[in-house]
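Use these hints to put chains B and C onto chain A, whose structure you have.
Protein chains in written order, with the working numbering: chain A, 1 to 302; chain B, 303 to 616; chain C, 617 to 1058.
Any given hint might turn out to be false.
Once the Cα atoms are required to be at most 20 Å apart in a straight line, the calculated DMTMM-like pairs of lysine to aspartate or glutamate come out as [said to hold, decoys possible]:
id : chain 1 : residue 1 : chain 2 : residue 2
1  : C       : Lys765    : C       : Asp747
2  : C       : Lys1013   : C       : Asp926
3  : C       : Lys750    : C       : Glu980
4  : C       : Lys674    : A       : Asp247
5  : C       : Lys852    : C       : Glu1052
6  : B       : Lys386    : C       : Glu1052
7  : C       : Lys674    : C       : Glu692
8  : C       : Lys730    : B       : Glu368
9  : C       : Lys852    : C       : Asp864
10 : C       : Lys674    : C       : Asp685
11 : C       : Lys1013   : C       : Asp685
12 : C       : Lys852    : C       : Asp1047
13 : C       : Lys810    : C       : Glu867
14 : C       : Lys674    : A       : Asp74
15 : B       : Lys386    : C       : Asp962
Partial selection, computed: residues in chain B whose CB lies under 10 Å from chain A [what the hints assert, rightly or not]:
id : residue
16 : Phe347
17 : Val396
18 : Val397
19 : Leu401
20 : Gly422
21 : Leu432
22 : Val446
23 : Ile493
24 : Gly497
25 : Asn542
26 : Leu571
27 : Gly575
28 : Leu595
These aren't lab readings, by the way, just hints derived from the structure by calculation.
Just so you know, even glycine gets a beta-carbon here, dropped at the ideal spot from N, CA and C.
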Amino acid sequence: MTTTLSAPPQPTRVPRPWDARTQRPAGNRVVKGVIKHAVLLCVLLIMLYPLLWMVGASFRPGNQTFAGLSLFSDTYTLQNYADGWSVGNLNFSRYFVNSAIITIGQIVGNLVACSLTAYAFARLEFPFKRVLFGMVIATMLLPQHVTLIPKYIIFNQMGWVDTYLPLTVPHFFAVDAFFIFLMVQFIRTLPKSLDESARIDGCGHWGIFWRIIMPMSLPAIGTTAMFTFVWAWNDLLGPLLYLPSSDLWTVSLGLNSFLDQTGQSTYGTLFAMATLSLAPIVGFFIASQRLLVEGIATTGLK
Amino acid sequence: MTLATATEPPVALPTAPRRGRGRTQLLPALAFLTPWLVGMVLFTFGPMLYSLYLSFTRYDLLSNPEWVGLQNYALMGSDPRFWKSVGVTLTYVVVFVPLLQVVSMLVALLLNSRLRFLTGYRALFYLPSLMGASVAVAALWRQVFGADGLVNAVLGLVGIENVGSWVGDPARALGTIITLNLWAFGSTMIIFLAGLRQVPRELLEAAEVDGASKIRRFFSITLPMMTPLVFFNVLMGTINAFQSFTGAYVVSGGSGGPVDSTLFYTLYLYERGFTQLQMGYASAMAWVLLIVLAVVTGIFFRSSRYWVHYGDES
Amino acid sequence: MTKPRFRRLLPGAALVLGVALTSTACLNQGPAASSDGQGEVGGTIQVAWWGGESRNAKTNAVIEQFNEDFPEVTTETQSADYAQYFNRLNVQASSRSLPCVVQMQDRQVNDYVKRQTLQPLDDMVASGAIDTSKIPPAVLDGGRGSDGKLYFIPYGIAWDALMVNTTLAEEAGVGAPPESWDWDQFVSYVSQAKDGLPDGTYAVAAGGEEQNAFYAWAVGQGIEVFNAEGQLGFTKEQLKEYWSLWLDLQEQGIALPPDMSAEEPPGADQGYLATGQLMVGVLPGNSLYVSQQTLDGRDGGELQAARYPDGPAGIGNILVASGFGISSNCDNVPTSAAFIDFFTNDVDAQVAFAADNGAPTNTEVLDALTAEDSELPDLKRDELEQYRAISEDNPPKVNYPPGFNAVFQQAFTRNYNEVAFGRLTLDQAVDSFFNETNASLG
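With the rest of the complex left out, here is chain A (with noise of 0.2 Å):
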């Protein structure tokens, strides 16, 4: 059916690769096992090192935070969180919806936006295409820090300062060539005879998106839900700028506020709450991760 399948005919029952391995014995495969999992588990605990230090510091009484390098120490307390929790007028949980909504916005804002602007550089013939998409990657090449000022000249004049919208209104706009470019690619690794069979079935462009290119790109949907998550939810420099009044602060803007060169720092409370903050993010990676996975088998390319 496609170029890149049209190999060989394929024989009714294709020996598979873990059908081979179950014919050695079957002892010889746990030590194997064994070892892989033990190497993985070293690997990971030197990598997460920082992280499980991070934990336990957040446990420990607040004036012994640094006490050591030890994952562990004498006494556990909650104090951390609670404190972290209740931070300012409001609490930490606050912090916690207002990052919320802006990386949803952003979120839908890129899919949708990202996804049609990439189907059309990967999959269509117009004037000036090859300019346009020099556009799209030129505006990663130019350092975000000097357009901070124009644009905030910009969203002043519109009246947006202070509201979630400068964070979120031009993500529906495809500003993310990132995201563009990330998409345009995968879109690009599927063969386009697929197009021409739905085409053939009837499909107009927008079918032919909708029902063929989008199903078989999960895993770049996945990929792209999944980094927007992050960079909103970590980003510190435009909550900075555009969100100053405390009740529309973001989680980063929070975690920063309990660090003070001029007065007192509150590490403790820092870690407490940099640990809850990586939460939503683990949940909602092992959430997209399903689309990673199973985005071929379930659409199946046979």
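Just chains B and C now, with coordinates in the frame of chain A:
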């Protein structure tokens, strides 16, 4: 597609010649591109052009920009810290980009195999990149690479003492930033992982039946099928490395220290623009970087026709 | 057929660019007419300050009291960490959308004075809208710009000082520092302590990279750090002498080595003094209490503030003033003035604020906070008593020129460390420092 080594050359189905369709798809293209075009005009193009204008001015944010022609560009040549930042950035790009690609690909391959608890492993390997620019990272990195950090504690166990600080030593500080950014390899890995998922299992199985080794299968099937994403990762990795900012900003507290040893190009640009209030100079630096990156990107795209294989080409 | 379509985009792009250009152009209309701050108090004001969570809580408590006194006023608040506070302020200034009430420090106020971003407050003081009668005149001068006008009302004074871990000093056999001393006595004090200190503990911080310690040294010798033109007022030879003093101390292992100093976390509560690895630190006075809290967590000893060594010209401790000013784009000056007046002078409010950003300038507040029945912790009270002693000694004032905050501190630290790490000679580093700073000052 170059799958010829493992399988018989696939018989290309006759598809319409590329330009043979004779007409462009302008109207549908416009429909699909409208959001992007609007965004480009409203939010992207104007600010970019404005920053280009600023690069020819003296602009301290607090008063009006003042036209100075090419002065900012001329000053760069004789600015020793500018050249320091170029040196730091180039070193970083050359070391970091290849390392990142290899590590990400290796872990992606490992996590694409059949293994128990795979979901858990993937999440755990991805975890560090979730920390992002968090202010906590600076403290954590000191915990590992400080004078009394984990690394020195381990070295002490094997009898190597008095190593001193890693983050605080100008000869080693850049290494700790490279490690920090490598630590967050998760996002590059995820893209590779998504690409690996796209490789049809049937092809690999067929190759295995033909007796191709694992390594052979990787280089003859998996890698060629993934070249669009490899291309994406290498290009974006390079662009991001040239613009690397956050890691060094957080760890050095914005100074690029100790003594400018982690003064990345964009870090210096930021210091000039926002701390020293010389936004004109910062804008000029940004446009110099844009031109350099445009050349680099151009070379990448030029070369891509020799090694990147798209599924939409016959 | 397609070309015109593409061209149609260009006017749009040009339009946006035009809007961006003209919007900045017409924003800069110079300073607002000077106001005496009299008028109806009401409506909305924005108040911005730097600080972390603990200062935010205290400031919000003051604002709540203000709103009880003035229920018709809505107060919007903006806060961020010191560095980010000023980054945001500059961005807001670029589109003339600064908050009405902005926190300032004498170290960078002239950057804003030079660009007419702040309103002079003299007329508001004269009209009685802002009462400064309880602030000693020399302290109030901290809020003046280089043109002599008043641009912010100092409410808190940080005084830079030495912090001594007396427990470590006893252990090292040198005992507590004397009431006053000169630089030779100070050097021999830390040198003698070196051998008696435990491994991994240093006698003194890397003072060569600390601009404040340099002022103390320079001012004590009667050197004007900045001259009337806003350029460096000291000579290369003088800087060399100061840096050599510290390079020697570092070489002998008495002062903290440069790599450890480079990785020292910002903020007093995790610095080496707070972790018990340092006997004498160079810190602002309001960090005494904070450092002691961390030190208590590890039984690290007792801290005590000490005076900087005196020079031939007298005391070297300089004062750093912080306070609130009013931006030129503010359209609610009477309310802003009322807020500043309240924040600086309301005794109950300032007692609630608990001298979080330095010692209170208002003498009534200072008396209330140091009174017998004050709820301030003892160390915090010591801090205020120290301030009282220093301020009565008529401490010198440093006039920071525009551009100071942007370059001086960073260039000072970096160029000193270039020598400490052995990457530049002393002469090269001093030359490089002079070139860098003089190019950006004034």
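Hint by hint, here is what the structure shows:
1. C:Lys765 with C:Asp747: Between lysine 765 (chain C) and aspartate 747 (chain C) the Cα gap is close to 16 Å, so the pair holds against 20 Å.
2. C:Lys1013 with C:Asp926: holds, 15 Å
3. C:Lys750 with C:Glu980: holds, 7 Å
4. C:Lys674 with A:Asp247: holds, 17 Å
5. C:Lys852 with C:Glu1052: holds, 13 Å
6. B:Lys386 with C:Glu1052: holds, 15 Å
7. C:Lys674 with C:Glu692: holds, 15 Å
8. C:Lys730 with B:Glu368: holds, 16 Å
9. C:Lys852 with C:Asp864: holds, 18 Å
10. C:Lys674 with C:Asp685: Cα-Cα ~17 Å, so holds.
11. C:Lys1013 with C:Asp685: violated, 35 Å
12. C:Lys852 with C:Asp1047: Given that 20 Å is the threshold and the Cα spacing comes to 8 Å, the pair holds.
13. C:Lys810 with C:Glu867: holds, 12 Å
14. C:Lys674 with A:Asp74: With Cα atoms ~33 Å apart, lysine 674 (chain C) and aspartate 74 (chain A) exceed 20 Å; violated.
15. B:Lys386 with C:Asp962: violated, 51 Å
16. Phe347: With a minimum Cβ separation of about 8 Å from chain A (threshold 10 Å), the hint on phenylalanine 347 (chain B) holds.
17. Val396: At 19 Å from the nearest chain A Cβ, valine 396 (chain B) fails the 10 Å test, so the hint is violated.
18. Val397: Hint on valine 397 (chain B): violated, closest Cβ of chain A at ~19 Å, above 10 Å.
19. Leu401: violated, 15 Å
20. Gly422: holds, 9 Å
21. Leu432: holds, 5 Å
22. Val446: holds, 6 Å
23. Ile493: holds, 6 Å
24. Gly497: holds, 7 Å
25. Asn542: With a closest approach of 9 Å, the asparagine 542 (chain B) hint holds.
26. Leu571: Since chain A brings a Cβ to about 6 Å from leucine 571 (chain B), closer than 10 Å, the hint holds.
27. Gly575: OK, holds: glycine 575 (chain B) within 10 Å of chain A, min 6 Å.
28. Leu595: Holds, because the Cβ-Cβ distance from leucine 595 (chain B) to chain A comes to roughly 4 Å (cut-off 10 Å).
Going through the hint list in order, the structure does not satisfy hints 11, 14, 15, 17, 18, 19.
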